[in-house]
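Put together the whole structure using the sequences plus the hints.
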Amino acid sequence: MRAGLVFALLAIPCAGVIVDRIAISLGTQVITDSEIDQRIRLSAFENGVTPDFSLASRKLAASRLIDEKLVEHEMTIGRYPGTPEDKKPALLAAYEKNRGPAEVTRQLAVYGLAREDLMNDLARQQDLLTFLSLRFRPAVQVSEQDVQNYYRQHFAESKLQLNELRGAIEKKITDDRADAELDQWLKDHRERTRITYLEKDLEP
Amino acid sequence: MKQVRHRHATFLAAVSLIVAHASGAQSPPDPALAAHAYQGKLIGSISFAPANQPLDSAQLQSILSVRIGRIFRESEIRASIERMYATGRYQDIQVDAENVSGGVAIRFITKPSWFIGHVTAQGNFSDPPDVGQIVSASRLDLGQPFDEAALGPAEQAVRALFVANGYFDVSVSHRLLYRDHASQVDITFLIHGGRRARYVAPLINGDTSVLSAKQIVAASRWKLFLLPGFHDVTQNRTRHGITEIRLRYQSANRLMASVILDRMEPIGNSRRARPVITVDPGPLVDIRTTGAKVSRGTLKSNIPVFEEHTIDADLLSEGASNLRDYFQARGYYDVNVEYEETRPALNHTEIDYEIETGRRHRFVYVGLIGNRYFDRRQLRERMLLTPASFEFRGRYSDAYRRRDESSIADLYRSNGFQDVEVTSKVIDDYRGREADIAAVFTIREGPQYRVSSLAVEGAESLDLSPVIAALGSQRGQPFSEYSVAEDRETILAFYGNAGYPNATFEWNASPGPEPHTVGLRFIVNEGPRQFVREVVTSGLRITRPGVVNHQIELKPGDPLSPEKMEDTQRSLSDLGIFAQVDMAVQNPDGDERDKYVLYDLEEASRYSLTTGFGLEFARIGGSNAVTDLSNPGGAPGFSPNISMDLTRLNFLGTGQSISLQGRLSTLQKRVLLNYFVPRIFSSPKLDATFSLLYDDTNEVRTFTAKRAEAAMQIAQHVSRPITIFYRFTYRDAAVSNLKINPLLLPHLAQSVRIGMASFNLVQDRRDDPVDPHTGVYNTLDLGLASKIFGSQSSFGRVLGRNATYYRLGSKLVLARETQFGVEPAFAIPASADPTDPIPLPERFYGGGGNTMRGFPENQAGPRDPLTGFPLGGSALFFNNTELRFPLYGPNVNGVLFEDAGNIYSSLSNISFRVTQHDINDFDYMVHAVGFGLRYRTPVGPIRLDLAYSINPPRYNGFPGNYNQLVACSAANSCQAEALQISHFQFFFSIGQAF
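From first to last, the protein sequence lines stand for chains A and B. Heads up: the first sequence begins at 1 in this note's numbering, then just goes up one per residue. Heads up: the second sequence begins at 1 in this note's numbering, then just goes up one per residue.
Calculated from the structure, these hints are not laboratory results. Computed from a prediction, not measured in an experiment: that's the story for all the values here. Heads up, some of the hints might be wrong.
Stated by the list, open to error - Straight-line alpha carbon distances no greater than 25 angstroms define the calculated DSS-like cross-link-like pairs of lysine-lysine that follow:
id, chain 1, residue 1, chain 2, residue 2
1, B, K685, B, K555
2, B, K564, B, K685
3, A, K69, B, K111
4, B, K111, A, K200
Right, here's the structure in full:
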């Protein structure tokens, strides 16, 4: 009886507006509407374009956030080192080096973002690179054949010799393969994780 | 009081929300835009809808990032949602905001999570499957988050389980019961099983040239034995049948046969089911040995091809290696085993193991050189190599030698000798004796590394000093990774039991200040602490909650201790009234501090009926008629018996039980009514039993005793091996059909009431009470019958028993037992015989399969001078010694024994003398030796003992009947007949002698 009364109360029209809600849950983690919104704004800021809040854009942002959450969870349980709090300002400072803090702050405000939002995003990107380099890069093997094939494929007509480009080619192949491993890992983990779309529109 | 929610409330809520939406309360499409409107404003109030939240206000306060009086920040709203959700207590969370005077009013609108509670099944079906199997198939685990989407697959799995067990018409639905308290959902599967199908002859696809359809059906055992028709379908029977068919192919040398059950086809009205199987015999595979004879059983156990149903080089090599070890263990240390695989025909494979055994050796000596830290005994304890002794040629193989090298090295390393090296060599013709071999192990110990310092970091909340003091890696102690691993377990167990389930342990070592020393650093990450929110029980229908609550050791607010949770689970199981006790922490993955601890109980069937049939075969016969005085020393006879035990468990839901036991044989009629009260006075260590007994027995051939007895006993479980019984008994014992000197009848024929208080201590440290191999078993029984307790006869009783069991080598057991007892009488009434005041049924009787095998049952001790029947005594002494050894296979054992002792007329007459002074002297020690066979069964060994009594007593019997005895006694003209207890005794029963 009491439960019914409570639900009836919920039905009473009120002036309150929903300011945030869970859009997607995955395990014990959630992605809220505000987080999707922020992701869109940050991407737009970093690319210097107008934020697109269309459904397609929100879906894309949600998908990226799912990947980030999976990595974040794995880093926590696997005890991978993340960016310490006291190191985050240095990341922001490096980013602001060219334009200056005031200009960056002004531009952030245009996108409805705070400096803290950008700082946290930079730390997140660094963490992803850390995860990639610790988890997947060590297992990548690049053979001499791989390097030669790559050179022939992309630089056959170039004036630069193989040995001049070897380091860069090895790094590129390693990065590509590590990325591919990460993609596969993300695919596997998506299948294994219970992902619930409370906001049905975001379902793929 | 529990609140029960029903599903229609959810529908009501949904309707309400739809109405609200239609009435004009509209949310903006982008909550983030709405949130911007409040950014920077002061938060005026925080509320929750519903008001009754799964977390209490203190927990919510600690979780939320927002606070009244702080600035509204979108990031803090988001962080609050994330943290609330991470507790696992919510399915959905929304936050709305409203401008009010003084700031922004924030409201968290939540939908709680539900968790799986009691899962059971009801309906018309019979075992199998049982309720436990149904619950297991559903994969709905106690305490896990409940998702309605999981019910569909659960029902499918349950349905599949029933179909596999022959219920092809089964329908499965479910009923949910939501309980607001602890947010639990009880799930009941409603089963309409219908009738279980029976098998019909299987449809066999594939090649039936090797085994015909008839042979396959016979192998499956799906057909009834000797009767027309087939068995009921069950999952186990189907699986077993497929396995048996495969084994049948194996015995036809088709080791790679494939037998697959494609499906079970219901036929007609689903009362019949046809297994559809596909068989492929595979190639004929002959595995043979040349050079040495190896039994089929030995081949099967050594060559993994038989088990793996495939042939490859690895398996064949492993077989060769196993055969090598097999022969080496039998003294053929030079054995060489090679194999060859050939294909004489397309579908025919031959595998020949060529065995060159070489000379047979004796393994005579194990040498150890270089050991200083450990002595020989300490190292030998851990070694498999065993030199020859009288029973065998010694145990040696290369595999054992390598394992012993590893064992010795591991022992040294675990004691700080990180650089130890252990090598070994074999010496043939040891000490010049042909065919004797020895193995010599050389140990280079190297330096012993010790711990120079131990630092334990990270222990911020708990005082680790008592734990640190007990660690193996203390300063000065030998350093080893094994010790560190043990210390890790110790520390994590300490944290686990203090409510830190996520504590982690890391360690590192660095060179110490001195050579061969190591500085250790243990780093503990405590993680968050968890506490008991509440202990919730479910599944009780009849049992009173108080019975369960008394066993629960955890209280709200206690640290979440797995050890205490398990102790409670054990206590509940020990009540004996639950078929199953499931335990779980609700919401185990949720990030909340206080957890519900769940116990889901399945009450056992209240009634249990056990019936038994037995047979005793020994010298227990003869002199059955009332006036028959023949065979006072017993005659071969057998006594069949039937027994019944009806128990009502959990009487009136109190955890107490009533049982009625009956036993009926040619020698005894017995009825016992017991009322058992566990945990009396709320103590887990005290149980009480009240009993009423009626017993009519002729086990002592001298008389028939009728006994009516009431007793009360309290059992105190002092520790696992030690139990004390405090007992008060009041009984009325009457004897009749006395076969004694008629002149003694007035004294001995009277019924007597005995009130006795007794104390019994039992210490049981045997490894196996049914068939012990090591340990000790001691009992001490002290009793006092006195007028104070209403007894008509006053006497004490002291009876002690000490049994010890020793392993000799790997196969022999030396068992011994000594019993001593005395019954001093006091305050003897004038009507009693002062030389023998204790009533006949209360005296000690002995002799037989469990006391002294030189005597038939209850035939030891003093005897009536006229009739020769045993009269019992007031002292006893027995000593038994047995050597137990394997005889044939794992189940047949042999026993050599020597028993000594007797029942004595009094304490002062106990004697170790082995000769009888005269025909009326029975106070001497009788000895018997013998041999026994034991056949191991699940209920204990079946026993046959054959004993030879070296010095059995002679005694006078009476050659006539009782009437003649009465007549000649009056005239003092009775003729005696000289008799003697037979030298040969035999006993057939279940269980060891002691």
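Hint-by-hint comparison with the structure:
The straight-line distance between the Cα atoms of B:K685 and B:K555 is roughly 20 angstroms, inside the 25 angstroms bound, and the hint therefore holds. Restraint check for B:K564 and B:K685: satisfied, since their Cα atoms lie roughly 17 angstroms apart, inside the 25 angstroms limit. Taking the CA atoms of A:K69 and B:K111, the gap is near 23 angstroms; set against the 25 angstroms cutoff, the hint holds. About 17 angstroms separates the Cα atoms of B:K111 and A:K200, which keeps this hinted pair within 25 angstroms; it holds.
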